[in-house]
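Visitor: Chain by chain, the residues:
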Amino acid sequence: MELWPLILLTLAAAVRAGTPILFAALGELMAERSGVLNLGVEGMMLVGALVGFMTTQKTGEPWLGLLAAGLAGTMVSLIHAFLTITLRANQVVSGLALTIFGTGVSGFLGKPYIGVPAEGFPPTRVSVFGDLPLVGTIFFQHDPMVYLTYPLIPLFWFLLYRTRPGLNVRAVGESPESADAMGVGVALTRYLCVLAGGLLAGLGGAYLSLAYTHMWIENMTAGRGWIALAIVIFGTWDPVRVALGAYLFGGVQALQLRLQALGVGLPTYLLMMTPYVFTVLVLVVATRETVRRRIGAPAALGIPYARGE
Amino acid sequence: MTLSLSLEKRLEPTPWVPLLPALSVALALPAGGVVLAIAGTNPWEAYKEMALGAFGSLYGLSETVVKAIPLLLAGLGVALAFRMLFWNIGAEGQLHLGALGATWVALNAPDLPAPLLQPLMILAAFFAGAAWGLIPATLKVYAGLNEIITTLMMNYIAILWMDFLVYGPWKDPHGFGFPFTAPFPPAARLLKLPGSRIHLGLALGLAAAGLLAVLLWRTRVGYEIRIIGLNPRAARYAGMNIPKVTLLVLALSGGLAGLAGLSEVAGIQGRLKHGLSPGYGYTAIIVAWLARLNPWAVVGVSVLLGGLLVGGDMLQIAMGLPVTMTYILQGLILFFVLGMEVLSGYRLILRRRGSSRAKT
Numbered sequence: 000m001e002l003w004p005l006i007l008l009t010l011a012a013a014v015r016a017g018t019p020i021l022f023a024a025l026g027e028l029m030a031e032r033s034g035v036l037n038l039g040v041e042g043m044m045l046v047g048a049l050v051g052f053m054t055t056q057k058t059g060e061p062w063l064g065l066l067a068a069g070l071a072g073t074m075v076s077l078i079h080a081f082l083t084i085t086l087r088a089n090q091v092v093s094g095l096a097l098t099i100f101g102t103g104v105s106g107f108l109g110k111p112y113i114g115v116p117a118e119g120f121p122p123t124r125v126s127v128f129g130d131l132p133l134v135g136t137i138f139f140q141h142d143p144m145v146y147l148t149y150p151l152i153p154l155f156w157f158l159l160y161r162t163r164p165g166l167n168v169r170a171v172g173e174s175p176e177s178a179d180a181m182g183v184g185v186a187l188t189r190y191l192c193v194l195a196g197g198l199l200a201g202l203g204g205a206y207l208s209l210a211y212t213h214m215w216i217e218n219m220t221a222g223r224g225w226i227a228l229a230i231v232i233f234g235t236w237d238p239v240r241v242a243l244g245a246y247l248f249g250g251v252q253a254l255q256l257r258l259q260a261l262g263v264g265l266p267t268y269l270l271m272m273t274p275y276v277f278t279v280l281v282l283v284v285a286t287r288e289t290v291r292r293r294i295g296a297p298a299a300l301g302i303p304y305a306r307g308e
Numbered sequence: 000m001t002l003s004l005s006l007e008k009r010l011e012p013t014p015w016v017p018l019l020p021a022l023s024v025a026l027a028l029p030a031g032g033v034v035l036a037i038a039g040t041n042p043w044e045a046y047k048e049m050a051l052g053a054f055g056s057l058y059g060l061s062e063t064v065v066k067a068i069p070l071l072l073a074g075l076g077v078a079l080a081f082r083m084l085f086w087n088i089g090a091e092g093q094l095h096l097g098a099l100g101a102t103w104v105a106l107n108a109p110d111l112p113a114p115l116l117q118p119l120m121i122l123a124a125f126f127a128g129a130a131w132g133l134i135p136a137t138l139k140v141y142a143g144l145n146e147i148i149t150t151l152m153m154n155y156i157a158i159l160w161m162d163f164l165v166y167g168p169w170k171d172p173h174g175f176g177f178p179f180t181a182p183f184p185p186a187a188r189l190l191k192l193p194g195s196r197i198h199l200g201l202a203l204g205l206a207a208a209g210l211l212a213v214l215l216w217r218t219r220v221g222y223e224i225r226i227i228g229l230n231p232r233a234a235r236y237a238g239m240n241i242p243k244v245t246l247l248v249l250a251l252s253g254g255l256a257g258l259a260g261l262s263e264v265a266g267i268q269g270r271l272k273h274g275l276s277p278g279y280g281y282t283a284i285i286v287a288w289l290a291r292l293n294p295w296a297v298v299g300v301s302v303l304l305g306g307l308l309v310g311g312d313m314l315q316i317a318m319g320l321p322v323t324m325t326y327i328l329q330g331l332i333l334f335f336v337l338g339m340e341v342l343s344g345y346r347l348i349l350r351r352r353g354s355s356r357a358k359t
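Protein chains in written order, with numbering that gives the first Met the number 0: chain A, 0 to 308; chain B, 0 to 359.
Rather than coming from a laboratory, the hints here were simulated on the basis of the structure.
The C-beta atom is built at its ideal place from N, Cα and C for all residues, glycine as well.
Fair warning: there could be bad hints in the mix.
[To be verified] Covered by chain A, according to a simulated footprint, are these stretches of chain B (three or more residues, beta-carbon under 8 Å): (1) 29 to 38; (2) 137 to 143; (3) 154 to 165; (4) 281 to 287; (5) 322 to 335.
[To be verified] Covered stretches of chain A (chain B as the covering partner; in silico rule of three or more C-beta atoms under 8 Å from a C-beta of chain B): (6) 7 to 17; (7) 81 to 92; (8) 173 to 183; (9) 228 to 242; (10) 272 to 281.
This is chain A alone, in the form it adopts within the complex (with noise of 0.2 Å):
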């Protein structure tokens, strides 16, 4: 093959392998700037993908597979949701029982659905667009979901910093007692903030089980959720470059299935662990850079709030 439609497929690939990961990492991007930290979205992913599934097998309706994905995520969070913010349990801990939790019962309740067919999302062309030379390749040959995504990376970066929610938000993530004593409602910010990250990881997980392939395999986000959080600190808490993550690690994935295609020399078990690598090396790039212009993590991460104590 020739080289360069190589590379344009490739491009057009990491898009693809990076839509499920920008939709979980928006979301836990929300948890995360409210002052929530949710270990859970590989368990989330898992749920939403195992519904999204089930949901769309037996309907034969994609859309409301996603939307019983995406509701499904909102239940899962919901858990984490009360354990944190109402009764203040550790948010680390908390989160990584949702996790368990969400492998376990997508792992269960999934046995009868494995290697049974269920249509799914076509790949759809979008017209004008889709005709463009390069970019047409790369970002409009795609499945509706991918599309889904693009209005959302502008929609929350306007959300977060352009409107008095995303103020509301962005407050009690760094100060819940001044956004308390401004009258703003913290515990209720934090739900919805956690819950939208539900909905957001469970609609990421049916893109791997309804777009990316159409199938439920048992543990099929295969540490995606992680990486997730991963393009989170890597983006810095910023919904674009968090977008810019994803698309590059999904550029990784992309050339790494790539390689396996192709067959170069090295063994598949090796190839197959460059994106763990990969994200380890790209949060050590980012953690330099974010203690060197002093921008860090959201102040009230992972810490409950009590109003006097």
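Could you slot chain B onto chain A? The hints should help.
Guide: Below, chain B without anything else, positioned relative to chain A:
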């Protein structure tokens, strides 16, 4: 009318704190029963099968102890790291590295006598696990990296590395292509309790629990670990060398998980093979938290969770249910223990706005 839930500090913590692990298991079972019922299984039957399988016979009990051994070793490691608020989620990877280290020695020095070979394997497993734990510790101490992500990424890397070896360079040439190494020489197999699969790893685990208790409550470093965990800022003002303590703790934590890997390959499997651990390293996190990070309590809780794993296997054998049921229960147990920990120190108050309080 608006209702709101809030917490109010209890004057004295409730007396049922020591019962929390057992209580949370008792509450997790009915909650998990809902999932079983959704899947069309009679929860009562399923739980009876699990309990009888794990605790109902001498054989079942011995298998429970067998599963408790890696949980004990890795759980001790996790508990130690969590004590100083280093969130080591990497026990699974450190366990795999320990297994690699032990296997490397067993396959390369097959002619050594057991009294020489086994200590070497133990050392290799400990140091390999320790090295794997030191990488995220170093990255945290010197580059400020979030250890939750790095320890987790390193789990995936470790498992893929092991798969690379057992599918590639270390594959048994006489193994008909199966992903495992050649069997270990008899000298590399840990001593077993006659009539069971309980092996020397249990003694290692109990000794480690004792040593850890001494370390935590009888030494200066242990004191520092506890203070750093309670109040990192105070520890820094007191002039404690947090980087040094972090590196030491993670070497120990990873090393203990490494011993769990050794106990699996040299005590149970007798070779290194694909699918070495059913997530012992993750269950170890639950063990550590349920034990409230106390080394002696880790011993008891690892038997409890070992029983849960054996029960899960029984569900699969007797009723054809996926083993993933045990993850559901593990998650639920952790949810309940987290919730009840809070409620043992606080009262949950349901407020109706503008009216007097109603207790729930």
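Visitor: The structure should be examined with respect to each hint, and the outcome stated for every one.
Guide: Against the structure, the hints:
1. 29 to 38: holds (count 3)
2. 137 to 143: It holds, with 3 qualifying residues against the three required.
3. 154 to 165: holds (count 6)
4. 281 to 287: holds (count 3)
5. 322 to 335: holds (count 11)
6. 7 to 17: violated (count 0)
7. 81 to 92: holds (count 8)
8. 173 to 183: Coverage by chain B is violated for the region 173 to 183 of chain A (0 residues, Cβ < 8 Å).
9. 228 to 242: holds (count 3)
10. 272 to 281: holds (count 5)
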